[in-house]
Every structure is written in C-alpha cells, then in structure tokens.
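Using the hints provided, position chains B and C relative to the given structure of chain A.
Here is what each chain is made of, one letter per residue.
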Amino acid sequence: MSIPFDVAILTDALPAIARGLAITIGVWITGAVSGLGLGLVVAGAQMLTGRWVRLGLRAYIEVFRGTPFLVQLFILYYGGPSVGLKLPPLAAGILALGLYGGAYFSEAFRSGFESIPPGQLEAAQCLGLSRLQIIVRIQFPQMLVIVLPALTNLIIVLCKETAVLSVVTVPELTFVLTGIGTEKFAFVETLLTLCVCYWLLVELASRLGLMVEHRVSRFLELSGS
Amino acid sequence: MNHLTAEFPAPLIEVRHVVKAFGEVVVLDDVSFAVRPSEVTCIIGPSGSGKSTLLRSLAFLEDYGGGEILIEGELLGYTDRRGKRERASEADINRVRRHVGMVFQQFNLWPHMTAVQNVAEALLRVRRLPAAVARARALAMLDRVGLAAWADRHPARLSGGQQQRVAIARALAMEPHIMLFDEPTSALDPERVGEVLQVMKSLASDGMTMVIVTHEMGFAAQVADTVIFLDHGKIAAQGAPEVLFHDETQPRLRQFLQNYFDRNAFWARRDA
Amino acid sequence: MRAISSRRSCRWLLLGFALLSFGSGARAEDQLQAVRRAGELVVGTEMQFAPFDFIDNGEERGFNRDFFVELGKDLKLRVRTIDLPWPSVLPGLEAGKFDIVSGPLMVTEARKAHYRFTLPIADGSVALLKRAGDSRINANADIAGHIVGGAKGSAQTEQLKTYVARLPGVTTVREYIDNNQAYADLAAGRIVAVANSLPNIAYVASQRPDTFSVVRPTFGAPIDFAYLGRSDSSSKTLIDAIDADIMAMRADGRLAAMQKKWFGSVMQTPSLGDTGATAAVGPSAGAAAGRSSGRSGPDVVHLLGLLVEAARTTVLISLIALCAGFVLGVALCSARLSGNAWLAGAGGLYVGFFRGVPLIVQLLLVYNCLPFLGINVAPLVAAAVAVTLCEAAYLAEILRGGFLGIARGQLEAARLLGLPWFATLWRIQVPQALRLTLPSLVSEAIMLVKASSLISVVGVADITRTAQNIAASTFRPLTAYAAAGVVYLVINGALSLAGHGVLRRRELSRASA
Chain A
26 MSIPFDVAIL TDALPAIARG LAITIGVWIT GAVSGLGLGL VVAGAQMLTG
76 RWVRLGLRAY IEVFRGTPFL VQLFILYYGG PSVGLKLPPL AAGILALGLY
126 GGAYFSEAFR SGFESIPPGQ LEAAQCLGLS RLQIIVRIQF PQMLVIVLPA
176 LTNLIIVLCK ETAVLSVVTV PELTFVLTGI GTEKFAFVET LLTLCVCYWL
226 LVELASRLGL MVEHRVSRFL ELSGS
Chain B
673 MNHLTAEFPA PLIEVRHVVK AFGEVVVLDD VSFAVRPSEV TCIIGPSGSG
723 KSTLLRSLAF LEDYGGGEIL IEGELLGYTD RRGKRERASE ADINRVRRHV
773 GMVFQQFNLW PHMTAVQNVA EALLRVRRLP AAVARARALA MLDRVGLAAW
823 ADRHPARLSG GQQQRVAIAR ALAMEPHIML FDEPTSALDP ERVGEVLQVM
873 KSLASDGMTM VIVTHEMGFA AQVADTVIFL DHGKIAAQGA PEVLFHDETQ
923 PRLRQFLQNY FDRNAFWARR DA
Chain C
5 MRAISSRRSC RWLLLGFALL SFGSGARAED QLQAVRRAGE LVVGTEMQFA
55 PFDFIDNGEE RGFNRDFFVE LGKDLKLRVR TIDLPWPSVL PGLEAGKFDI
105 VSGPLMVTEA RKAHYRFTLP IADGSVALLK RAGDSRINAN ADIAGHIVGG
155 AKGSAQTEQL KTYVARLPGV TTVREYIDNN QAYADLAAGR IVAVANSLPN
205 IAYVASQRPD TFSVVRPTFG APIDFAYLGR SDSSSKTLID AIDADIMAMR
255 ADGRLAAMQK KWFGSVMQTP SLGDTGATAA VGPSAGAAAG RSSGRSGPDV
305 VHLLGLLVEA ARTTVLISLI ALCAGFVLGV ALCSARLSGN AWLAGAGGLY
355 VGFFRGVPLI VQLLLVYNCL PFLGINVAPL VAAAVAVTLC EAAYLAEILR
405 GGFLGIARGQ LEAARLLGLP WFATLWRIQV PQALRLTLPS LVSEAIMLVK
455 ASSLISVVGV ADITRTAQNI AASTFRPLTA YAAAGVVYLV INGALSLAGH
505 GVLRRRELSR ASA
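Residue numbers (our numbering), protein chains in the order written: chain A, 26 to 250; chain B, 673 to 944; chain C, 5 to 517.
Same shape as in the complex, but just chain A (with noise of 0.2 Å):
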C-alpha cells in the first residue's frame, strides 16, 4: 500500500497552522512562567510555613505529581462548572499548565534550596540573618545555577504536555492540524508536520537551555565562584 502524501493539504491551511503554532508556544509561555513563579512560592512556602501548611502544600505536590495531566485537565475543565468554576478553554488549559509545572517546579526549587551546604545557613543565623533573608541572599542566587537543568528539561516537558489541550478544544497546533487531518483524510501530512514542528520546538528550547547554562556558569567563572 502506497503512503499518500500531499503537500498542498498544508499549504492551503498554513494560516490556520501557523495559528495554531503562536497558541501552543503562548499557551507554553505563559504555562512555564506561572508554573516556574508558582513552583518558587511553594518551595519557598515550604521552608518558611508552619506545619499544617507546609502539609497541604505537599498534599498539592503528590496529587498534582500523582495523577495524569489529562485527568487533571478534565476535572478543571468539566468538572469545574459543578463548583461554579467555568473557564473557557484557553484559560482552563493554561491554569492547568501552571498548577502541573507548578507541583515539578516546586519539587526542583526545594531540592536547589536543599543542596546548598547547611553549614552556611548556620553561618548566616549565627550573625543573626532572618530565615527570608537567608532564603533570598543565600540560598536562591546560588540554587539558580545549580538547578537549571532541571528547569530546562520541565520547560521541555511542559512544550510537550499543550499537545493534551487539544483534548479540550483549545485551539493550539494539534487541534489544528488533527482537524485538518479528519476533514480531508490527510493522516500522514499531518500527523508527520505535528512530529516535525514539536521536534523544532523542543530542540530550540533544549538548545536555549543550554546555552543559558553557558552564559551563567561563565558569569560565575569570571567572578570567581
């Protein structure tokens, strides 16, 4: 059996495609962004809160860790309305996004903050410095570095996870071209361009991340850390 290929399909739709792409990389955007701020708070949260709190939090981490991003973006989306929360698709799949990267965000900062030798956090509280002021002057400008890669790689994830919100009709690449491939029985041109544009896109974030890692280990290097 002959493998049909034709490229006009994609031509024609290329407006609708290159929609498609501007919303997957805003809705991964935005996605990261709040789920790397969110992730800070709460591991923030977590050295700084009392006990009852500091439980929640982890309770949010292990379920939001625990539990497939489609079911979670199902309950948000259609569960939502049953507690007054209705969202249109587009904001349901980038909170979504967040509260998932979130809960991994969260998980690298803590173990960032955590690798930082304790004795010069017992040096900083000998001198009297407060457990915030520990946090932001010394825990967190040298757990950056150490925990880029890992930011990297979730970001990457994250690119790779805005494919599900086509699920629920957000009109991002997939949606897009799945549509396409339905409505004129074009499978192969356009499941392979899916292929091939997650690809670039991860391979471009990959490559950033490399070279952010570059640029910031070669700041320290200067100044001699």
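It cannot be assumed that every hint is accurate.
Distance condition first, Cα-Cα at most 30 Å in a straight line; then the derived DSSO-like pairs of lysine-lysine [claimed, not checked]:
(1) C/Lys77 to A/Lys209
(2) C/Lys165 to C/Lys116
(3) C/Lys165 to A/Lys111
Just so you have them, the derived chain A footprint on chain B, three or more residues with Cβ under 8 Å [what the hints assert, rightly or not]:
(4) 758–769
(5) 773–780
(6) 792–799
(7) 834–844
Over the 12 Å line for every Cβ pair with chain A, so calculated as not near, a few chain C residues [as the list claims (entries may be wrong)]:
(8) Ala136
(9) Val389
(10) Arg439
What the hints contain is simulated information worked out from the structure, not anything from laboratory work.
Even for Gly, the Cβ is constructed at its ideal location relative to N, Cα and C.
Chains B and C alone, transformed into the frame defined by chain A:
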C-alpha cells in the same frame, strides 16, 4: 573590641548542668562551667567527646535537653513560661545570641559573594546600615585580619587560611562580646594554620572573650586562661593550662595528651 | 553458543515481521467469507452516541446493539463492537481494523464517493440542542453571533458549518472530541447550542429535560442515517447481506419496534431508490427503556469497580511498555555508546524523536499511519506499540547514565576474558546499570502510568476513557474524573512505596555487607 570587664564581673557565659542526647546516645552529660569576660577557654578532648556539640549549643545551633545556658545572664533558646520550658521564638533566640559570633571549621563563606560582601552582609541585613557605611566597616574588619587587599575576591580564589580569616572578620563585624571557634584550623594546610592562629592571638590580647574547640595544644598552652577536657560528654578535667597539661592524676587526660607529647614541641615549654 | 542462537532468532523475527506486513496488505479475499470463517462481525463505532450507542453502567446499550443482535442471529454470527473516538472511526474502517461502522452515519455525497452505505435505518436530519430556558435561542437562526458546538469530523458538524456560514455576523463552531463533551459544555454555558441528528439530541433532551431542550424544526435538507462499509469489491457481499437483513427486519416489523423503543416513534426510511425521510419526535420511550442518566445518585461502589477494572488495562499497558521498552532501551543505549558513528547517530536520532514529540501525537501517528504500512492491529496493540517505542527512548536515556557509571576496567576485564559483546551487555552492564539507576527507573515507571492515560484518546478502555464514559452516562464529571485521579494516585503510591522498599533493602544489604 574592648569589653566591660569592670562593669560586668559576672560570667558572660554560664553553662549549668546541660544534658543533650541524640536519641539513645548521650552526647553531653551534666556539663557545667562558666566563662568570664575576656577569658579565653579552650575545649579539648578525643573525637566523639561532644566538644563541637557543646560549642554549637552555645550558639544554639544545637538544642539541649536539660540544664541551662545563659548568655550574659539570659537563658538561651528557651523561655520559661509558667514553669514550663518552651522553645523560644526565632526572634528571641536571635536576640539572646546577638553578641555571640562563631567561626566554623569549614569557614562557611558564601561563595557567590566577594570577601567584603560576605563581611558586610549581616551589617546590611541585620543592622540595616547604609551600603557605604557597611562597606567601610567591612573593609576595616578585613584590614584587621590583614586581608584588605583581597576584599573584592570571591572565596574560591582565596587560600584556606585567607578564607578562615575572612570568616573571622565576618563574625567580628557584628561586634560580638563572645567569639566561638569550632576547630578553626583543622581544615587548613599546616602552613596556613599559623596566620589564623596569629589573628586569634591578637583578638585574645585585645580582650575578646573566646571559647575555642581546638587540637592546637601549643596555642592552648600559650593563650588559654582555662582548658576544659571533655571526655564522653563529661568534663573530666578543667583548669589553667600549666596545671592541666602537667597533671599526673588524670589517666584519660594523660592518655589523650600523650599523642601530642611526642609530636608537639611546645608541650615542654611552660609559657604564660 | 548463546550469541550464535540469538543472531539466528533475530533472523526469524525479521522474516516473521516481513511476512506479517506483506500478508496483511493483501485483502483480496471476499469479506463475507472472511467474516463467516471467523464467525464474528467486527463493528467499529463511538460509544458516545446515544440513543444508538452508549455505555450505561459499564454495558453497551442502544439502538445499534439491538440491531446487531438481531443481525447476528439472522446471519449466525457473533458481533463484537470496538469503541473509538469518532475521528478514528473512518480511518479505522479504511485500515481494515473492523468490518463495518455502525454509528450510524449521515448519508452524504462526499461519503458515498468514498464508502458504501447500507440501507437507511433512521432519519438523521440535523437539529439544535439548547439549554432549557435559554430564551435567546427560539429558532435556529438565533444562534447567529454565538458559539455553537459539534463533534469533530462529523457530517452533522459539517451541516452546522454550512448553515452558520449563511447567518449574519460571526458564529463560531467549536469542535469537540466527542458529542458528550459538547453536551457538557452546553450545560456549563460555554456554548449556546449543539448540532446533532434529531434522534440523538431528542434522546439527550428526554434524559435531562430540565437542562436541555430541542430547537424545532430541523435545519438543512432531510438526511438518512445508515451504516457504513468499505466500497471495494471484496466488501460488496457483506454489505449486500446486511441490506437483505435490513429489508427482512423492515418487513417483519423488528425495525419499527426498535425505532419506537429508542426514538419514540417509527421512522419512514426509504428502501432501495426511495428518498425522503420523516423526522421522529420525543423519544420518551427511550427513557422507559430503562436506567441511567439524570438519576440522583449513581452507584459509587459500582463505578469505582468499573474504574478498578479499567486499571487492569492501564497497568497491563504500562507493564508491557516497561518490559519491552527496557529491552529496546538497552539496545538503543548500547548503540549510542558503541564506537560506531552510524549506530550512535541512529540511536541519538531515535531518542531525540521519541523524547521530543508529544506522546499524544505519537499515539495518533502509530494508530492512524501504521495501517498504511499494511499493519492492521487492534487499538490496544497499536497503543501498546506506541507507548513502548516512546518509553524505550526515555529508558535509554536513564540507562545511559547507568552505563556510563560503570568503571571502564570492568569492560576491559570482560574483553580480555573473551566474553562476547552480547554477554557483556546483558550479564555485566545491564545488572549494574539497573542498580545504579533504580531510583530514576521507579520515577519513570510512575511517569509511564500517568502517560498511559493518553491511550484513551485512541479509544483504549483504560481508566481515563472509562471515567469519560461514566461522566457521560451519569452527568457527574467532577466525581468521575476525581475518582479516576484517586485510582491513579493509588497505583502510583503503591509504585512509590515499592520503590522505597527496594531501595531500603538495597541500603540495608549494603550496610550489612
């Protein structure tokens, strides 16, 4: 750096019947001693005897189960609320130990900051001094330990001895009344030990109250007013170095010092 | 000895694979004969199309089921139904994954060009479902300027798009992966109407009269509903046989009885050559036909039971992917670490591709495109293959770290002793790499279980798909998906504990050594 020895004849540090256990293992067993102003106390003993734990307790980096530690008359680490002892708040602990400075075996400098930034950090964050004032004071401290020229270097580009001196400067910048040293030269190459001991000697002669855990018997013999021999969590012997180091009555002490007798040339000299 | 025999078995594997792809490409045999020989008719459909096909309390019910039971009795065949998301149904037919599509589907010119329809069995004219009490929508044209919904790839949605194109203003048509998601969004108020064939939305409205109501009349031209088969010559006899049976059921009144039961009234359907169909109204009989939807409390225990059963599929796929993926991963890993530039490059390419492309895209790719290579397998198998291929890439990366952590001296010692590369790989490198990377492998297993939820998108009845079915039939999406989440948490929690246990035992044995 001068201390109010006339106004406060009372001890700066009082340790009363302190007990500490890690689970089943008793690390400090009914330890009591006092440190008067401008006194230099050296704590010696075999490894595992609890020396570091005792010193760290004085800065409340370790809590303690029984007994009391008083810094300048105030109970450290706990509050006595209606007869019940509770762990004090972070703010209270910091308040009581604000006049205690500590120097660690591993220096514990912050690698992402330069030497002067390390020294100035607490002045900026805790004392909230303006940046220019903090920097000036930090530079003065570095000069005190002989490192003014290396102020803008990061710790990675300093030798071990230099790093430890920066650590001393960092603690001194907060104008402590008491300086604690936890084996300050154990992590250093032998050539580097001297420069650190030199700084410590000059601090002592300026009248600083110091408690030092050390293996440098020669230093202890020269500089200490009191030497405490800690063995298995108990104070086995305590006294002036000239008395203690020549004491024939304590078998454990003699056994411990025997290691140094053969190797340490200062041992034989009866320096004041 | 072992090295030689493994090479031989490789050759057999390749031969078998070639035969398989070659053999399944040829489909010249008469389909009716093939079905008769197998004793089974395989029907493809989406179980989200009440009252024709839906799942109630874990069972398949609806008009189609009743019809095919009768058909099976008449033709003396077993009937097996495969449940798939709608966009996968027609591709699956073309790929030969099943014999016929039930659906039913609207008879359109575009489809007639590609496929062969059976005789019509119901009226499929398209109408709108709206929220009960929504005073904005009283006639079809009132949807102008709002957002409306339909199932992706369905002819009803096509009709909807044609209709709204003639309306003033901009009316957005949102396409959902199945009709039930569309109904859910309608109930939630995100869209103002859903377009579907009259029998379907009338049924939905009858099940939830306080939530939905039907907008009259139907729009667009009247259209028939029929079943669908392939149009090639080998399928002719099968469709002819089915048509003959439809005529028989019409003659003896069975068809009318089924229509009445599920749609509320009898539909005039044309025989060969006739046109025109009249719409049916108010399938309250459908409600009387029993059970489900809209009742106050679903049997929670029963639903959990369904989910736990579905968990078996999830665990099975994960296990297969883990084991088969491990073997493949070891192969990839050794290819990447071999000195050979081609092997290393190919391995790197594989890992880069399967870790760079989202799993959902890989699943769709394997599921839809494999048939073009002549490989026709059940959805479960296709899903297992896709997840395995993907997992192998991740495992290869993890194992690579483990392999690199083994002291070089060990490999040199093995070489000097004359061990062949295969033995060195499996007896020396793999066990140690396993030990070194055990924590990472445990977390990878957990990720695998979660990733497996995506196989629901290609219709495999795993935990997530079962939860979707439960959500559709009980109208309690939050409960259904939350329950699914709990099941996943339990599985992953158990995996975590097992991982900790293994690590702890390793620590203890090392400590006592």
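message: Flag every earlier hint the structure violates by its number, smallest first.
response: When the structure is compared with the hints, only number 1 turns out to be violated.
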